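Model the full structure from these sequences, guided by the hints.
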Amino acid sequence: MRVRRLEIKNFRGIKSLDWALPSDQRLIVLVGPGDSGKSTILEAIHYLLGDRWNIPVSDTDFYGVDVSSPIVVKAVLVDIPDALRKENAFGLWLSGLDAEGVLHQDPEDDHTPAMIACLTVDETLEPKWTVERVDGQSQVLTSSQRHHFSTFKVDDRNDTQLRWTRTSALGRMSVRDGGDRQALSAASRAAQQALASHESASLTELAAQVQARANSIGGGQFTDIKPGLDTSRSSMGAGLALYEDVVPLTSFGLGSRRLASLAIQQLAAGSRAVAVVDEIEDGLEPHRAVRLLNYLLADDDYSQVVVTTHSPVVVEQAQIANLATVQSHDGVVTITSLAGASEELQRVRRSRPSSLLARRVIVAEGKTEHGLLMACLDAWDTERIADGRSTSAGEGVAVQDGQGGSEVPRRAAALSALGYAVAGFMDNEDRSVDAAVEAAESTGVTIVRWDTGHNIESQICANLNANGLTKFVELGVERRAAESTVLDDLTSIDSANPITSLDVQTWISAGTTLDEARDRIAVAANKRKWFKEVDDGRALGEWIMQYRTRTALREVVRRLDDIYAFVYPQPLPIETEDTEVGSDPSAHG
Amino acid sequence: MTPQPMDDALKALAASLLAAAPASVEMPAGTGKTHLLAAAVATAADDSKRSLVLTHTNAGVDAIRKRLRSFGVPSGMARVETITSWAFSLVRAYPHLAGIVVAETPDWALSDQYVEGAARVAAATAIAEVHATSFDYVFVDEYQDCTLVHHAFITAIADAVPRTVLLGDRLQAIFGFTGALAEWDAHVLPSFPAFAVEPIPQRWRGHNEALGTWLLQVRSHLVDGLDFDFTEHSVPHLTLVTDTSPTSVAAVAHAFRDFGETVLLLDGAAWRVAGHASRLNGSYAVMEDINGRFMRDQINGNCSSPQHPVLPLPAPGEPGLARWFAQFAKACVIGLGDLNNPVLQRLERNQSLTGLSRDGIQPVVNALEQLRSTATYEQLAAAAREVRAISQVKVYRWEAWADTLAAIALSAENGEPAIDNFGRVRERLRRQGRKSHARIASRTLLVKGLEYDHVVIADLSQFRDPRHLYVALSRARKSVTVIGGSMRIRLQNDRPRA
Numbered sequence: 001m002r003v004r005r006l007e008i009k010n011f012r013g014i015k016s017l018d019w020a021l022p023s024d025q026r027l028i029v030l031v032g033p034g035d036s037g038k039s040t041i042l043e044a045i046h047y048l049l050g051d052r053w054n055i056p057v058s059d060t061d062f063y064g065v066d067v068s069s070p071i072v073v074k075a076v077l078v079d080i081p082d083a084l085r086k087e088n089a090f091g092l093w094l095s096g097l098d099a100e101g102v103l104h105q106d107p108e109d110d111h112t113p114a115m116i117a118c119l120t121v122d123e124t125l126e127p128k129w130t131v132e133r134v135d136g137q138s139q140v141l142t143s144s145q146r147h148h149f150s151t152f153k154v155d156d157r158n159d160t161q162l163r164w165t166r167t168s169a170l171g172r173m174s175v176r177d178g179g180d181r182q183a184l185s186a187a188s189r190a191a192q193q194a195l196a197s198h199e200s201a202s203l204t205e206l207a208a209q210v211q212a213r214a215n216s217i218g219g220g221q222f223t224d225i226k227p228g229l230d231t232s233r234s235s236m237g238a239g240l241a242l243y244e245d246v247v248p249l250t251s252f253g254l255g256s257r258r259l260a261s262l263a264i265q266q267l268a269a270g271s272r273a274v275a276v277v278d279e280i281e282d283g284l285e286p287h288r289a290v291r292l293l294n295y296l297l298a299d300d301d302y303s304q305v306v307v308t309t310h311s312p313v314v315v316e317q318a319q320i321a322n323l324a325t326v327q328s329h330d331g332v333v334t335i336t337s338l339a340g341a342s343e344e345l346q347r348v349r350r351s352r353p354s355s356l357l358a359r360r361v362i363v364a365e366g367k368t369e370h371g372l373l374m375a376c377l378d379a380w381d382t383e384r385i386a387d388g389r390s391t392s393a394g395e396g397v398a399v400q401d402g403q404g405g406s407e408v409p410r411r412a413a414a415l416s417a418l419g420y421a422v423a424g425f426m427d428n429e430d431r432s433v434d435a436a437v438e439a440a441e442s443t444g445v446t447i448v449r450w451d452t453g454h455n456i457e458s459q460i461c462a463n464l465n466a467n468g469l470t471k472f473v474e475l476g477v478e479r480r481a482a483e484s485t486v487l488d489d490l491t492s493i494d495s496a497n498p499i500t501s502l503d504v505q506t507w508i509s510a511g512t513t514l515d516e517a518r519d520r521i522a523v524a525a526n527k528r529k530w531f532k533e534v535d536d537g538r539a540l541g542e543w544i545m546q547y548r549t550r551t552a553l554r555e556v557v558r559r560l561d562d563i564y565a566f567v568y569p570q571p572l573p574i575e576t577e578d579t580e581v582g583s584d585p586s587a588h589g
Numbered sequence: 001m002t003p004q005p006m007d008d009a010l011k012a013l014a015a016s017l018l019a020a021a022p023a024s025v026e027m028p029a030g031t032g033k034t035h036l037l038a039a040a041v042a043t044a045a046d047d048s049k050r051s052l053v054l055t056h057t058n059a060g061v062d063a064i065r066k067r068l069r070s071f072g073v074p075s076g077m078a079r080v081e082t083i084t085s086w087a088f089s090l091v092r093a094y095p096h097l098a099g100i101v102v103a104e105t106p107d108w109a110l111s112d113q114y115v116e117g118a119a120r121v122a123a124a125t126a127i128a129e130v131h132a133t134s135f136d137y138v139f140v141d142e143y144q145d146c147t148l149v150h151h152a153f154i155t156a157i158a159d160a161v162p163r164t165v166l167l168g169d170r171l172q173a174i175f176g177f178t179g180a181l182a183e184w185d186a187h188v189l190p191s192f193p194a195f196a197v198e199p200i201p202q203r204w205r206g207h208n209e210a211l212g213t214w215l216l217q218v219r220s221h222l223v224d225g226l227d228f229d230f231t232e233h234s235v236p237h238l239t240l241v242t243d244t245s246p247t248s249v250a251a252v253a254h255a256f257r258d259f260g261e262t263v264l265l266l267d268g269a270a271w272r273v274a275g276h277a278s279r280l281n282g283s284y285a286v287m288e289d290i291n292g293r294f295m296r297d298q299i300n301g302n303c304s305s306p307q308h309p310v311l312p313l314p315a316p317g318e319p320g321l322a323r324w325f326a327q328f329a330k331a332c333v334i335g336l337g338d339l340n341n342p343v344l345q346r347l348e349r350n351q352s353l354t355g356l357s358r359d360g361i362q363p364v365v366n367a368l369e370q371l372r373s374t375a376t377y378e379q380l381a382a383a384a385r386e387v388r389a390i391s392q393v394k395v396y397r398w399e400a401w402a403d404t405l406a407a408i409a410l411s412a413e414n415g416e417p418a419i420d421n422f423g424r425v426r427e428r429l430r431r432q433g434r435k436s437h438a439r440i441a442s443r444t445l446l447v448k449g450l451e452y453d454h455v456v457i458a459d460l461s462q463f464r465d466p467r468h469l470y471v472a473l474s475r476a477r478k479s480v481t482v483i484g485g486s487m488r489i490r491l492q493n494d495r496p497r498a
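Chains as they are written, first to last, in UniProt numbering: chain A, 1 to 589; chain B, 1 to 498.
For the record, the hints were derived by calculation from the structure and aren't laboratory data. All of these numbers come straight from a predicted model, not from anything done at the bench. Where is the CB? At the ideal position from N, CA and C, for every residue including glycine. Please note that a few of the clues may not be correct.
Unchecked claim - Listed below are the simulated PhoX-like cross-link pairs for lysine-lysine, each with C-alpha atoms no more than 25 Å apart in a straight line: (1) Lys529(A) to Lys471(A); (2) Lys367(A) to Lys128(A); (3) Lys11(B) to Lys49(B); (4) Lys330(B) to Lys86(A); (5) Lys86(A) to Lys128(A); (6) Lys86(A) to Lys49(B).
As the list claims (entries may be wrong) - Away from chain B, derived, C-beta distances all over 12 Å, residues of chain A: (7) Glu7; (8) Gly64; (9) Ala83; (10) Ala89; (11) Asp106; (12) Asp122; (13) Leu125; (14) Arg133; (15) Ser303; (16) Val313; (17) His454; (18) Ala482; (19) Thr551; (20) Glu555.
Next comes the structure, spelled out in structure tokens:
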């Protein structure tokens, strides 16, 4: 079974969502900034399709804590399990889904037969599961019928799955096999004395299956999984649980417990299962998270897997077609699949996967600008923490190296189209990118450029006096490690007039004009790559922040203020005193 | 029904029938066709295979369900429905596929539309998958009664569930008024090869086994175009009566003294049946057709016969309610001859009956006068009670009498038109079956599938269609009495009307 469309209304942080899931992808990796509703989406799927007969819903689960608007989770399901397609289940309750994804009352021959499953919770907090038709008729959908959806969720409350209980997957599998009821009760009784004296072949066998699967999912960790006596919950009496050698699985690390839980629940759900996994990397080293991702991608026992991730490694390693970004604007959530994503987006994902996990993204010209911005953010954050205001991390800001000025507007526009707030930070010396800049700006991207004709070095030098230029050259010496190298750099610009002193005042005294000196230094810094690595850019940024009150850097700082305004968006109107912050350099100086 | 575990022979037969599917099974009346069907469903259920069982009547559905219970088939393993009710379910669920939109409650007068629509639903890919997923086997009982419309529907289901078994007996194929029937040779056998079963007369065990054996032998003689002469057949308790006068018929009909036994008196046409019943003074009750055509005519009125127009039932408060009731009572009851023209004409002119005296039925005249002055349905019910209170007045159209009055009583309660309430009353009958009467006057069309101790064929000349004759004869467990001016008839199939 697969979900082809998901609608959510008034559930937790989601006011509305209407998501057409990709029909050709088994694995969907939801990425996006925190609080965009990713986990809520998984919980909604689990609430709707899981087989729990009741779900804990409280007033706070309603969007805006407004219980007058009912929670609705509705899914269009295809590849409906046989048991539900029978005439005494929902064989007479099918709908038709056409090629454009439009639902029809009846499943006509050019449609895919579909079933509309619906969960509604109104102010009585009583969850109601139904199957609906397009004309609004509905029929009760029971917990035992939902069991056939084979849908499970791996989350942090997974320890139950590592024990044999009446409701756990292990317990149900044992009962389903038949005859093991006896073994279970016998084992429980034997538990009063010693489990070691009672050998249950089928429980051991099941444990072996769990081990094999858990290992194939997670890359081989368990060697001796077996049933054992769990006395840790003494208040509930002793029970059966999975052990690895002498250690109960419940005592393993989070990642291992999650892997084992996933293995068990999948075994119980059988083939064609739908799994939802919140934060797939939780508790796992990056390589194990990636291994799990690839396992889920390849395992035919799943018909659909929806996961969320906050891990750049997972974003980077996933197939682009599996990724979908989640964006929320005032509770209206949109999900955009990256299948068929533009070249630019693919480059964004490769070079800086964490951009896709951010809420606000700055695409910078290159490493220099990237480093410079990092230094600025550090400085600004430090001040804001002291004032008790939000930091750039809190605002969900990521800086991405655009790898060249021509890339900046294109990547920015691609990210903007996915719903991200995007700024571009770039030089202003290449006229061939102007058209792309304009296009990006028209889609709502903020583009911050130096004065016309300037790159970062020339913009900084543009208004410095001899003293300022000397300090800038000193910074160059720090980055180039030796005075002689810098002297050589400066000389190379005009070898007919070799430079012998790093004190620019001496040049002026020798007849060089201030403009000539500015130009020579800016060109040397640029050509000889004084600040080409991220660390160099960071040093440059720290230098600027150190001198940012100087009028000579006014034009540079003005651009950084624009960035500041983007990074820390205006607070809500109620805090009107702060709204001037971004536009007044002295306020954060 | 007492539990009857399947014996090994039946189990083996059922298993080989399942293995033979798609197949058709032709079995004579009373030889355990439904029994075999139930055994096949039970055998399939033992193997965790589900069955869809379709038949024509609710009585048939009940009979099959009872047998399945007696074989211990879990209810989830078989869905037993009438063809039209399953058709209605499909059409109701998928109106676009069906091409018709239907109301929430079925109107069985539209059965053919339902079945036609359902054939389109069943042919849709998604619904074919529903059938295929839901059922491993399909059984259709009394297939000889399937019209071509039914046949198209069943064929669509069989396309999805190839292991389909059709059971029936072409010698019991009686043409109703619903359209041409599917032909066994042309429609059934090509896709559903015959599965041969040695017929064993079951119905007559402990009653008249010789009659059962004879009914098997006689089948080969009951053929379109042949002459059939009863005098050439000698069977215990087959009685031939050549005097066709009403007194002779009455003598035969009243000769059955054991009121624990059931007697069926058959004639060809509805009006002939009613004539017998009235002459028999109410001792035989007229069985009405399932739609209640007679009662519908009484309620709606019918002007097709100018000499005897039937007035429609007036609404409460309207003049003419008393006149209507007098007409209705005379149509259902014997012994109201004195409600003659003078009475009826006064009622027609809405004149008082005061002063008219009718010995013996004076309370009825008084009640009619009360109904004339107080034209309510409650008053009509009171008049009906007065009719029943007079000992020499006998209701012979018992079913019509009771159901029509029940519909009118419902209208007095809910204010809805009596014809709609009549539909509800008959729907209840469909679900619960008829009240059983020990003495029934009827037509072959209405008694298919039913069993009686004794059968009286009131006029052999009306039974020239071999299928009618066979159905008539094979209803009897113990005795058959044939009344006819000649005991030799030329057999001739009725032709369906174009």
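Hints versus structure:
no., hint, result
1, Lys529(A) to Lys471(A), "holds (17 Å)"
2, Lys367(A) to Lys128(A), "violated (55 Å)"
3, Lys11(B) to Lys49(B), "holds (15 Å)"
4, Lys330(B) to Lys86(A), "violated (53 Å)"
5, Lys86(A) to Lys128(A), "holds (22 Å)"
6, Lys86(A) to Lys49(B), "holds (13 Å)"
7, Glu7, "holds (22 Å)"
8, Gly64, "holds (38 Å)"
9, Ala83, "violated (8 Å)"
10, Ala89, "violated (9 Å)"
11, Asp106, "violated (4 Å)"
12, Asp122, "holds (26 Å)"
13, Leu125, "holds (32 Å)"
14, Arg133, "violated (9 Å)"
15, Ser303, "holds (17 Å)"
16, Val313, "holds (43 Å)"
17, His454, "holds (66 Å)"
18, Ala482, "holds (79 Å)"
19, Thr551, "holds (76 Å)"
20, Glu555, "holds (68 Å)"
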